[in-house]
Structure formats: structure tokens, C-alpha cells
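Undergrad: One letter stands for each residue in the lines below.
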Amino acid sequence: MIEHLPILQVIIPLLAAPICLILREARLVRWFTFIASALAFVNSILLLQQVQTQGTISYSLGGWDAPIGIEYRIDLLNAYLLILVTSISTLALLAAGPSLRKELSERKETYFYVAYLLCLTGLLGILATGDAFNVFVFLEISSLASYTMIAMGRDRRALWASYQYLIMGTIGATFILIGIGLMYMMTGTLNMYDLAERLPEVQQTKTVFTAFAFFVVGVCLKLALFPLHLWLPNAYAYAPSIATVFLAATATKVAIYVLLRFIFSVYGFEFSFSHLPLQEILVALGLMGVFAASIVAIYQDNVKRLFAYSSVAQIGYMILGLGVGSKTGLTATLLHLFNHALMKGAIFLALAGLIYRVGSVNLKAFSGLGKQMPWTMAAIVVGGLSLIGVPLTVGFVSKWYLVLALLESNWWPIAVLVLIGSLLAVIYVWRIVEVAYFRKAMQDSAPYKEAPLMILIPTWILVLANIYFGIDTGFTVGLSEQIAASLFEVAK
Amino acid sequence: MIEQSVLMQLIIILPLLAIPGIIIFGKWPNLREAVTLIAGGLLLIAVIVFYQNFDAGQAAYIHWIELLPGLDIAFKAEPLGVLFSMVAGSLWLVTSVYAIGYMRGHGEVNQTRFYACFAVAISAVMGLAFADNLFTLFIFYEVLTLSTYPLVTHAGTEKAKQGGRTYLSILLATSIGFLLLAIVGTWWQTGTLTFTQGGVFDDSTSKVATSVLLVLFIFGIGKAAIMPFHRWLPAAMVAPTPVSALLHAVAVVKAGVFTVLKVCVYIFGIDLLRDIPATQWLLYLAAASVLLASLVAMRQDNLKKRLAYSTVSQLGYITIGALLASQAGILGGALHIVAHAFGKITLFFCAGAIMVAAHKTEISDMRGLGKAMPITMIAFFIGSLSIIGLPPAAGVWSKWYLLMGTLDTHQWIVMSVLMVSSLLNIAYLLPIPLRAFFPGAGPQGADFRENAKVIRIERAQIKEAPWPSLVALSITAIMTMVLFFWPHVFYELAASLAGLSGGING
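Which chain is which? The protein sequence lines are Z and L, in order.
Counting in this note's numbering, the first sequence runs from 1 upward without gaps.
Counting in this note's numbering, the second sequence runs from 1001 upward without gaps.
No lab work stands behind these hints, which were simulated from the structure alone.
Because the structure is a prediction, the values reported are computed rather than measured.
Even for Gly, the Cβ is constructed at its ideal location relative to N, Cα and C.
Watch out, some of these pointers could steer you wrong.
[What the hints assert, rightly or not] Counterexamples of contact, computed for chain L against chain Z with all Cβ distances above 12 Å:
| id | residue |
| --- | --- |
| 1 | Val1006 |
| 2 | Leu1037 |
| 3 | Ile1045 |
| 4 | Tyr1051 |
| 5 | Ala1059 |
| 6 | Ala1155 |
| 7 | Thr1174 |
| 8 | Gly1177 |
| 9 | Trp1188 |
| 10 | His1359 |
| 11 | Thr1361 |
| 12 | Met1415 |
| 13 | Pro1466 |
| 14 | Ile1478 |
[Claimed, not checked] With a straight-line Cα cutoff of 30 Å, these simulated DSS-like cross-link-like pairs (lysine-lysine) come out:
| id | chain 1 | residue 1 | chain 2 | residue 2 |
| --- | --- | --- | --- | --- |
| 15 | L | Lys1027 | L | Lys1207 |
| 16 | Z | Lys327 | Z | Lys102 |
| 17 | L | Lys1159 | Z | Lys364 |
| 18 | L | Lys1360 | L | Lys1371 |
| 19 | L | Lys1305 | L | Lys1161 |
| 20 | Z | Lys449 | Z | Lys364 |
| 21 | L | Lys1463 | L | Lys1305 |
| 22 | Z | Lys449 | L | Lys1027 |
| 23 | Z | Lys449 | L | Lys1161 |
| 24 | L | Lys1305 | Z | Lys440 |
| 25 | Z | Lys371 | L | Lys1463 |
| 26 | L | Lys1371 | L | Lys1159 |
| 27 | L | Lys1161 | Z | Lys364 |
| 28 | L | Lys1360 | L | Lys1463 |
| 29 | L | Lys1027 | Z | Lys327 |
| 30 | L | Lys1159 | L | Lys1463 |
| 31 | L | Lys1161 | Z | Lys371 |
| 32 | Z | Lys440 | L | Lys1161 |
| 33 | Z | Lys440 | L | Lys1371 |
| 34 | L | Lys1076 | L | Lys1027 |
| 35 | L | Lys1360 | Z | Lys440 |
| 36 | Z | Lys440 | L | Lys1207 |
| 37 | Z | Lys371 | L | Lys1159 |
So here's chain L without its partners, still in its complex pose:
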């Protein structure tokens, strides 16, 4: 068997190794996509093998170089990182399959650049997942921002450039303006940036200093999309749908909340976190973010925009989980990374499939689509259930533990926000598949029916999306249900993270 530490490096480098192949075969799309698929398949195998041999007691550790005195680029496997790498690693392959159908169906240009940047982004995610210290994490965090920028502006239109500008400026402004400052501040206070069980701060650091640092961290991790720094996520929706699906529902945003969890558990430690006065306020801020984003999502007619705001809201759940500073909260937050990833990627896949097959982006146009695209709409229904937190979908478990966390810590306001938000989720997600299958008369009465006739004529020609896309979205939908019945793999990882974090029992 390969040494664990070697395997870990391989996981980080593997997507990069695909890039020369992607560029060389740029002129032959079939070979080029084959390279991506092979790399995706190998990566999936690698993360699974890595998980099977993973032992939290003797975690793999590898030290690359010492960049500045005391600042290392080093990697270490720990439960949350393994969990994240499994989510991102398994979904890369599925997304690649989906992308082939989508990009060709949509006739996109510059596909070589697209696949190459995608591979860099995945590599950055893996590096981030296994980072042993804040410094390494920061490096990959920035690589992720920069490598996804060309994907956001892929179309090259004025709108895409505008979106790219918002995307880059918010992410870089928060990461350089706040996160870097927080990291230097932590380094200056403690002299270490290594993720340590129980946190790195000792009693010599004043509460004021830790409060300021915590605020800087939470705002600085712009990828977690806490309001008011969430604007980049809707802006990023100009990207091709596979990008929105994997990167802006899974990899990039999850990198954000992953960082929040890491910082809360391994830099502050949840015992300290509970005592910091700022935590309470940040908790309310995250709760407000959950609620407001849900409300905004209800008003969006563009499907991708609605999903984006829904993501902002769901990311707030994970931040809440981290800031609750209890074992159940951490457990719920970590599980929600997984549950939301599978659920939301399904929804995005469906949105893209509808766009390719029916050329529809607005929700109000999607009435009655269920007949033409039954598989897509059923998958959408399952994905919605997971986001809402209803059985039989994976979202149940994470929401369950998050609520437990609020009960443990007596955060009644936060608890009611979570409940209300779930109701809002029902209100903005479920009508879409329901209306697709049961179009009914529609609210606008006669006027609408006339329109409907026109649309119906077109609809006769609508078929399901290209088969690779269909396969991909079926897989993720099925996975969402599988994770409801067999959540053990991820549950154990999340539980061991919660166990490592110490603190009161859930």
C-alpha cells in the first residue's frame, strides 16, 4: 500500500497533473475530456483509499517547505479535512461528466481553459482541506479565488466581466483586508499558526484581542458569504452552470465555511470561543444572514440566483454551527457541509439541464416542465427535500444536530431562526418542482393561459438534457438519499471532529 502521506500529496497534485494533458489535447475534445475524467476517477479512488486508511491517532503529516522562519507549507490529515476532500473529490468526477454534456450542449468556447482552471481549483481545494496551518490554508484559499475567476468570467460578455469584478473584488478585499490581518495578528499574539487541538491562544491574550481577531476572521473568510459580504455569490452565477454547481455550491463556498470551522475549532478552540463576547453578536449576524438571504431568495425569479441566495442562507447554518461552540453544533456544521453539497449540486445540475434543454432560466417559465423533463424535475424535488431538511434526504441529519446545538447552548433566538428559515426553504424551493408537475391554472388567470398556449407549443419539442448531464444529476440525487439511510461515513468523521474539539457534550 502507498504511504498515507504520499497519498495525501498525490491527492493535492493529481488534478494539476491533468492540466498538461488537458492543454495538449486541447484540439481533440474527446481526448481532453478523457484526461479530466481519468484524473477525476483516480482522485475519487485516491480519496476513498485515503479515507479507509485514515487513522486520526496517527494522521499523515508532510512538510513541504519553510517559507518564512516559522511559517511552513505543511499538510496534515484530520477528520474535517478528510470529510471535505471526500465531498469535493467525489463530486469532481460527477461534475466533469455533467460538464461534458452541458458545455457541448451549450456550445461554449474556450473549453480547454475551462477544464484547466477547473483542475487548478480542485487542487487548491485539496490543498486547503489538508492544510496543517492557517498560512498554508491562506495560500490555497487565494489560489482558489484566482483560479475560479476565469471560470466566472468565462463567457467574456460585459455582464460576465461585471460579475467577475464583483467576485474578485469582494473575495480579495475580505481575504487581504481582514483575513490576512487576522492571520498576522494571530501570529504576532501566539507565534504559531498551526491548527492545534483546543486552540492556540493562552491566557495572556486579552479578550479584546481575541474578539477583534474573531470578528476579523469571520468577516475575512468572504467565501463563507456571511452578509454583508455575500454579494459575490449571486454575481458568480454568470458562470457556466457546472462552475456554479461544483464551485459555488460546493468547493469555493464550502472552502469558506470549512475555514470557519477550522478556525473556530483549532485556532480558538470552542472553550475559548464560548467565552469571547463577540461570539454572541456574530451568531446573531449569521442568523440574520440566514433569514435575510432566505427572504431575498423568495423574491428571485432567476433560478440560479434563487439557488445562490439559498446557498448564502445555508452557509449561515454552518457558520452558526461553528459559532455555537458546542459539540452538537460542530457536528451539525460539519455534516451540513456534506448534506448541502450533495443537495445543492443536484439543484444546480437541474437548473443547468433546464437551461440547456429548454433554454429557460426564469422560474415563472417552468410551469409544466415536469412532463417534458421528468427525471430532472424529480431530482430537483429530492434536492429540495435535502435543503429543507425533510426525509428521505441527507439534510435531515445536519439540521437535526444544528437544532440540538442551539438547544444545548440555549440559543432560543437562533433556534427559532433556523425553524423559520426551514419554512422559508419550503416556500421558495418546493413550488418549482410542484408547479412543474401540476401546472394548474396559474395565478394570473386568463392572461396567463394565453401565454401558456404559446409556451406549450414550444414545449412539445423540449426533451431531457444530454445524457451525461442526466446521469450526473441522477447520481447526486440518489447520493442525497443514500446519505439519509447510510450517513455513517461522514457522521463518524464529523463526530470525531466534534470529539476532538472538546467542550460540552451534545
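The shape of chain Z in the complex, shown without the other chains:
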């Protein structure tokens, strides 16, 4: 049993999805989905333990050895992200019951859970597999499932948002496929480990450069790097609340994983950063993303959209850390992957509770909520402080490493810019705080009650995680540093 963990990680949600269709009854499906996700979470913890004790796990699918068969390969980086995705998914599902019942019709609810499980399958598959083509397949599974989820939003605009994402996402996936195809053409293999061995021989050919360019652009579209982020704000804003929580906290992170994996483990750091001007591009786009998205976020009146733009800005930080091209920089990126998932998970879950009661996420609707929904608003404030990077929250930890990395490389002007960027976060977070705490509630509405407990509990688990991992940084920092070190080792 224990040796099959890598595949079980993907199989559990994959099999659970069709079973949901058979169960039909929405309440049953909900708990079933939750259990499946919780099992996946347990699975990922076991995997991490196994990796930590035994080192990298290689699993041959169906007993066919690589490079003929498909290999699943779990090292620390995969295990770290598997835990992240499954934990957030489980917490989001805990809150899904009341939130979805409010936002979807009952018939749709079951389909939502099916799409959700398939999306989870896709994301976990990308993380677990060691095969380049498999990455593409799972990417498509997760993308198709997320288009479906987004389209289920209450608003008709959700359809448009989903369509936008569909077009952009498909372009991205096509680019990735072209990239993988070209790699296959040059090396005759799809196994990542194999690719890494064979690519250096053909490194200096135009085809490999082209393959790399196609692949990176495609992935950057999926991870919503500025200026390829256009699909993201609408998708997050109009999707059902639970879908937003799940996608915001995990989908872009997995795309960043793909980027890291190919840059470090397949092409090698040397190739990516020396032969191609990747560093300059990533740093420039990352910084532009931080500023452009933060400034746009300041002017948003729809709070979900506001935080969606903030996500684009935070992705900018992650890419910036990667662009520094040092161990500390990579540590900052890996930390921020995890930390940002905690922040945005907490914030979007709190917003789910808010939509449940208030029905709107327009800034105006927040008037007086500080008193009427104290726990929900407090969650948003703590999440916001974390976004800003106030000490004792996780945001501070990742910012500290990012600034340190920039100073180590003597890029202090960029360090200044990064800190200025976090001041922009102060502005958009504080707009909400001011309205919620210092504006009187609107006269015509009865006071709102606090969000239902089933939403509040997972929200606060994430809020407390924001604080806990901001104080006890042993797990995240230790693991991130280990992963960064191992990625650089492989790359050399």
C-alpha cells in the first residue's frame, strides 16, 4: 500500500469524481468530496514523511519502467506543494456546504463537486508526475474543470469570465504543448529526468530555445504573470466563492511549480539564466506586475476583484524572487507560494461568508460590517495585514527573505521598490478597513448576522495559520531552504 502513495494521490480524487455523479444527493456528495479530499491530504502528509526519510520517490505507473512507461516522481518540492493543495482544498470543502447551497441551485451543486474533484485531480497530477506530456494532460484536466466551476457563478458575467479564461487558457496550453512537442522532437523522450540528461547535448540549437520560449510563455499565461494576467480578475471575481478560494490559493501556485520544475530540473539553471535573458525578463515583469496590479487593485470597488488583482501582484513577488536567481531568492519564492495561499485562502473564505450573509462584495456593502460581522471582518483584516507584510504574519516572513535576497545580490533599488509595493497593499486593504469599521451601516437594511459557523471555522483555521506560520517559521522556512538548496544542486 505504502509504495503506491504517489499514484493514490491522484487516483483518490479521480475515482471520487464519477462516484459523486452516482450519489447525486447534494448533501451526501458534499461529505463524500470532503472525505476524498481529506484522504488526499493524509496521503500527501505520508508522502512528505516518506520523502524526508527515504529521499526522492520514483514510482513506475503499471510497472512499466521509465523512460518507456510513465514515471511519478516525488521529491521535497512536489511533496511540499501536494500538502499545500490538498490542505487548502479540504478546508475550502469544509465551508462549501452552506456557501454553495446559497449560490447554486441544487442540481448544479453535484456537478460543482464533480468539477472540483476533477480540478483537484488535475492539480495533484501535475505535481506528482515526472512526465512532461503527463503534465500537459493534467493541466488540461484541471483547466477544463476550472472553466466549468467558474461558469457556475451566480452572475451571467461568470459565463463571460469563464469564456475569457477558456480562450486564454487554451492558448497557454497550446503553447505548452508546442514546447513539449519540440522537446520530444529533439530528444525523443518525455520523461523529465531523461529530458534533463539529453537536453544538454542539443542545448545550443534554435529548436530547444524555441521550445523553452513556448513552454515558458504558456506556463506564464497559466500562472497569470503580468501582462498575461487578463483572464484572472474576472475569473476570480465571478466564480462561486468556494471555487475562488480553491483556485486563488492553489491553481497559480501549481503553475509556478511547473515553471520551477522545468527551469531547474529539466533545462537546468545554467541554461535558463545564462544562455537566455530569462532573469531580466522575470525581474522586469515581476516588478511591473507588482506595481500595475496593485495600482489597479486600489481602484476596484468589487472587493473580490480587488483581491484578485492583489493576487496578480503577489505572483509578481514570487516571480521576482525566482528572477533573483539565488538560493535566498528561490527560498523567498517558495515561502511566498505557501504563505500567499494561506493569506488568500483566508481572505476569500471570509468573503464567501460575507456573500452568504450580505449577498454582495461591493465596497459599499461593507459599511458597518466591522460591528455586525466582527469575526469575518477580523479575518479579512488579518489576511490584509499579512498581505502587507506586517511582522508576526506569514507575509512578513516571505518579504523578509525577498528583501534579503535582493540586498545580497546588491539590487537595493529593487528592494526599495518591493517595499514601496507593499505600501500599495496598505492602501487597498485600508480602503476596506475604513468602510467596514468607520462608516455607519446603511439605514435601510436590517443588521447582518455573523457568517455561518461552517464557513467561519475554516476561515479562522487559515487565519490562525497565517499567524502561526508567521511566528513558528521552522516548517516553512526549513523546507523551503532545503528545497531551494536541492534544486540548485540538481541544476549544477
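Starting from the known structure of chain Z, fit chain L onto it as the hints suggest.
TA: Just chain L now, with coordinates in the frame of chain Z:
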């Protein structure tokens, strides 16, 4: 007896322990205020006991957790921290007494939130005072900013929100933009952030790097209100007066200059500080800040605004004291933290008392108030003397040593700025109590007299402020004089800080 290190943690946590009580008794104001007063009383006892057992040689040390590798949250008692904790600890109780009179007299809403945030702020001040390293200090520095924001915007009006925005944006912009950068820079250069006797930099750090860091530190500590980052302080005056009094005359601004002193003495070390080329320029900047703020203060008719600019100016004195990089300067700066705290809180208490009792905020309306509110106006007079630096008030000593410091280091320009500023202090503070007692004819002649008649009719009804406020402002006024005659407690602490700093003798 309790272990010193336990007591130190207790001092930091005690205000927080009051918060559940404050919230639970939110519906019963008398019980709620009782909780605050009890906590304030216990804190006062705790800081006094702590001081009595304080021994610089075997200072209490406590390590909480290691946040990131090498970055600890740890606390250690040293003379300046003990001095600061005594000032803030003793004034919390007095301010609470005052606040009861003021908040009720003024009919303020949301008082539970008010007292709770106040307690968080005091706790943050205590944590900051005992911080063992820059990192811990930074954490509490930010907590202090965030916990005082709801106090500034307490009224919830558009003006209060505007003020709160200025307050938060300047304080966060400087602390995240400059201070954090300076801290990371220091960490990257030296690998330590612990406050060390004689500083943490060695010869391997270039003068350019230390210059840049020093500039970043001085600008980054926005709470020290060095121009051009002083705007938040006048903006914060929209807060209820007890907040202005304790936080924006004592706790928050003093946290700023306290940090400046700490950084100068324990991060740079005054020997290095003297050699950094940037020091001289920053000294001139602080001097300019002293002078300009005094000039602006003269033009303010709103009493609280005038006091705020006066605070900006007086904070410049302390920064000057730190940057002079001499023992006398450090001594004077540390003493000025104490002297200015007691003097300025008295002035603010008086301003609040006038507002509650007579509903007057503009200085030009306060002529002749002395008859109706004699105690308040006498206290105001004493507070003014202390700020100016005249006997018999505590301000004499700190200004004395600051001037000594300028003489020792041959900073003639700075010395003359200090002298001129003292004259300006006389010009903008003393007329207020003097006119209150001797209204005279007023400068506007006949026109004014007509107005005066109207005002006088109202004045018949003006009485002193509610008794708790009156008691509080009397206590601080008396303390200001007591500290003139018996400054030993604070002098010894300040002197041992100056002694620890090394450098040339005063």
C-alpha cells in the same frame, strides 16, 4: 521576590491581560474603567519594583522564540528601556484617570474599543522598551502603529478618517519603506541585530554603507517626527485628548526617539557615529526640524495643533542629543524623554480640560479663562516652563545637558538653534496662561472688546473640568516640579546609559 525576567514579561503582558476584562465589562462603564485602573496601578507597581531591583550588570534577559534563523524575539532590560518603561508605565494610570473624566464629560461613543486599543498600545510600548534586538523592536513598533490607528480615527468623522489616513500612511511608509530596509541591510552587513554595547558594525563595513543605513534609520523612524516626515503628528490630533496626551506626547513619539537613541548607541555606537559623514547633515536636518516646527507652532491658533508642532520641535532635541554622539548629548536626550513627557502631557491634559469644560479649542478664545479655570491654567503654566526649560521644572536638566553636548562637540550652529528655539518656546507657550490670567485689552481694540462681552456672558457658566481630569493634570504638573528637585532616579538611568555608550566625557 519575583524573578526579574518574569517581572519583565509581566510588565509587557499585563496591559493585554486587562483587555478581556475591558471587553467583558463593556456594558458596565464603572467596572470597565475599574479594570483599566487596576491594570494601570499594577503596572505602575511592577515598573517601580522592577526599577528597584534593576542591576545593569546582571540585566534580566528572556528569550521567547526564534522567528527566523538568527532572528529572535527576546527582551533585555537596559537603562534606557527601564527609563522609558517607567515614564510610560506611570503615566498610563494618570491618563486613565484623566480619560474617565474626559471621555464621559465629552460623551464619546465606542469607549470599550477605546480602552482596549489603549491597553494594546501600552503593551506594545513596554515590549518596545525592553526589546533586546532591532527585530523585536520593529515588531512592537508596528503593533504600536496599528493599535493606535483606531484611537486616532475614534470619532469616525470624515476629518478623523482623513487624519487617520495621514497617520497610518506616513508611519507605515517610513517604517516599511526605510526602517525595514535599514534593518535588513544591517542584518545583511553584520549578521546580527542584537543591541550591543559599542555597536555592531566592524571595520569591514564601508563608511558609505553605514551612512546610507544611518540615513535610512533616521528617516525610517517616522515616529521621531523629523521633518519632512512629521505630518502625521498634527494629523493625529483629531484623536480624543487622552490619546493625544499619552500616545502622541509620550508613548508613540517617545517610542520613536527611544528607537533613535537605541540605534545610535547600541547599533552604531557613538564612536562610529561620530565618524560617519552623514551624521553632520542629519544633525543639521534635526536642527532645522526644531526651528521650523517652532516657527510653525507660533502660527497655530488651535491649541492642540500648536502643542503638536511643539512636540515635533522637542523631539528634534532628542534626535540631536543622539546624533551629537557625545556622553552629554545622550544623557540630555534620555533625560529629555522624561522631562518632555511630563511637561507635554500636562499641557495636553489642560487642552482637553479646556475643551471639555469651556468647549474652546482656539487659543484666541482663551483670554481670561484663568478666573474660571485657575487650576488648569496654573498647571499649563508649569508645563510650559518645563518645555521652555526654566526652573522650577524638569525641562531645565535635559536642556542643560543638551547644551553641554553641543559645547563638547563644538556644534555652534546646533547650539544657537537650541537657544533660539527656547526663545520661540517662550513666545508660543507662555502667552496662553498669561493672557488667561491677565486678559488685558487685547490687540484688536474696540472690536475685540465687544466680542469679549459676549464671551464673558458665557464664561460665567464655565467651571473647571470633571474632577478626575483635574486630579490627573495636577499630578503631572506636580511631578514636573518634583523632577526638578529630585531628578536622581532618571538621571542615574540616563547617566548609566551615557556611561555604557563610551565615547568622550561630558
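Undergrad: Look at each hint and say if it fits the structure.
TA: Here is what the structure says about each hint:
Once the 12 Å rule is applied to beta carbons, valine 1006 of chain L is consistent with being away from chain Z; the minimum gap is 21 Å. For leucine 1037 of chain L, the requirement that its beta carbon stay farther than 12 Å from each beta carbon of chain Z is met, with the minimum near 26 Å. The Cβ of isoleucine 1045 of chain L sits about 29 Å from the closest Cβ of chain Z, beyond the 12 Å cut-off, so the non-interface label holds. Every Cβ of chain Z is farther than 12 Å from the Cβ of tyrosine 1051 of chain L; the closest lies at roughly 29 Å, confirming the non-interface assignment.
Its beta-carbon lying about 24 Å from the closest one in chain Z, alanine 1059 of chain L satisfies the requirement of being farther than 12 Å from that chain. Against chain Z, the non-interface label of alanine 1155 of chain L is violated: not every CB pair exceeds 12 Å, the least being about 9 Å. Distance check on threonine 1174 of chain L: its Cβ comes as close as 10 Å (rounded) to a Cβ of chain Z, failing to clear the 12 Å threshold; non-interface status is violated. With a least CB separation of 5 Å from chain Z, glycine 1177 of chain L falls inside the 12 Å interface cut-off, contrary to its annotation.
Distance check for tryptophan 1188 of chain L against chain Z: the nearest CB is about 5 Å away, which does not clear 12 Å, and the non-interface claim fails. The beta carbon of histidine 1359 of chain L sits about 24 Å from the closest Cβ of chain Z, which is more than 12 Å, so the claim that it is off the interface holds. Listed as outside the interface, threonine 1361 of chain L is consistent with that label: its C-beta sits roughly 22 Å from the nearest C-beta of chain Z, beyond the 12 Å cut-off. With a least beta-carbon separation of about 36 Å from chain Z, methionine 1415 of chain L lies farther than 12 Å from that chain, consistent with its non-interface assignment.
The beta carbon of proline 1466 of chain L is kept farther than 12 Å from every beta carbon of chain Z, the shortest such distance being approximately 27 Å. Its beta-carbon lying about 38 Å from the closest one in chain Z, isoleucine 1478 of chain L satisfies the requirement of being farther than 12 Å from that chain. Pair hint lysine 1027 of chain L plus lysine 1207 of chain L does not hold up; C-alpha atoms about 59 Å apart against a cutoff of 30 Å. At most 30 Å may separate the alpha-carbon atoms for a hinted pair to count; lysine 327 of chain Z and lysine 102 of chain Z exceed this at roughly 46 Å.
Proximity of lysine 1159 of chain L to lysine 364 of chain Z is assessed by CA-CA distance (about 19 Å); at most 30 Å being required, the pair is judged to hold. For the suggested pair lysine 1360 of chain L and lysine 1371 of chain L, the alpha carbons sit about 15 Å apart, so the restraint of at most 30 Å is met. A hinted pair counts as satisfied when its Cα atoms are at most 30 Å apart, and lysine 1305 of chain L with lysine 1161 of chain L qualifies at roughly 17 Å. A hinted pair counts as satisfied when its Cα atoms are at most 30 Å apart, and lysine 449 of chain Z with lysine 364 of chain Z qualifies at roughly 17 Å.
Proximity of lysine 1463 of chain L to lysine 1305 of chain L is assessed by CA-CA distance (about 24 Å); at most 30 Å being required, the pair is judged to hold. Proposed proximity of lysine 449 of chain Z and lysine 1027 of chain L is supported: the alpha carbons are some 20 Å apart, at most 30 Å. Taking the CA atoms of lysine 449 of chain Z and lysine 1161 of chain L, the gap is near 26 Å; set against the 30 Å cutoff, the hint holds. Between lysine 1305 of chain L and lysine 440 of chain Z the CA atoms are separated by roughly 28 Å; this keeps the pair inside 30 Å, and the hint holds.
Note on lysine 371 of chain Z and lysine 1463 of chain L: the hinted pairing is violated, with a Cα-Cα distance of about 37 Å set against a maximum of 30 Å. Pair hint lysine 1371 of chain L plus lysine 1159 of chain L does not hold up; C-alpha atoms about 33 Å apart against a cutoff of 30 Å. The straight-line distance between the Cα atoms of lysine 1161 of chain L and lysine 364 of chain Z is roughly 16 Å, inside the 30 Å bound, and the hint therefore holds. The suggested pairing of lysine 1360 of chain L with lysine 1463 of chain L holds, with an alpha-carbon distance near 13 Å, which does not exceed 30 Å.
Proposed proximity of lysine 1027 of chain L and lysine 327 of chain Z is contradicted: the alpha carbons are some 55 Å apart, above 30 Å. With a C-alpha separation of about 29 Å, the suggested pairing of lysine 1159 of chain L with lysine 1463 of chain L holds against the 30 Å cut-off. Between lysine 1161 of chain L and lysine 371 of chain Z the CA atoms are separated by roughly 17 Å; this keeps the pair inside 30 Å, and the hint holds. Our distance criterion of 30 Å between C-alpha atoms is met by lysine 440 of chain Z and lysine 1161 of chain L, whose separation comes to about 13 Å.
Simply put, lysine 440 of chain Z and lysine 1371 of chain L have alpha-carbon atoms about 42 Å apart, too far for the 30 Å limit, and the pair is violated. Of the pairs offered as hints, the one joining lysine 1076 of chain L and lysine 1027 of chain L is violated, with about 39 Å between alpha carbons and a cut-off of 30 Å exceeded. Using a Cα cut-off of 30 Å, the hinted pair lysine 1360 of chain L and lysine 440 of chain Z holds, with the two alpha carbons roughly 28 Å apart. Between lysine 440 of chain Z and lysine 1207 of chain L the alpha-carbon distance is near 54 Å, which puts this suggested pair outside the 30 Å criterion.
Between lysine 371 of chain Z and lysine 1159 of chain L the alpha-carbon distance is near 21 Å, which keeps this suggested pair within the 30 Å criterion.
Of the numbered hints stated above, those contradicted by the structure are hints 6, 7, 8, 9, 15, 16, 25, 26, 29, 33, 34, 36, listed in ascending order.
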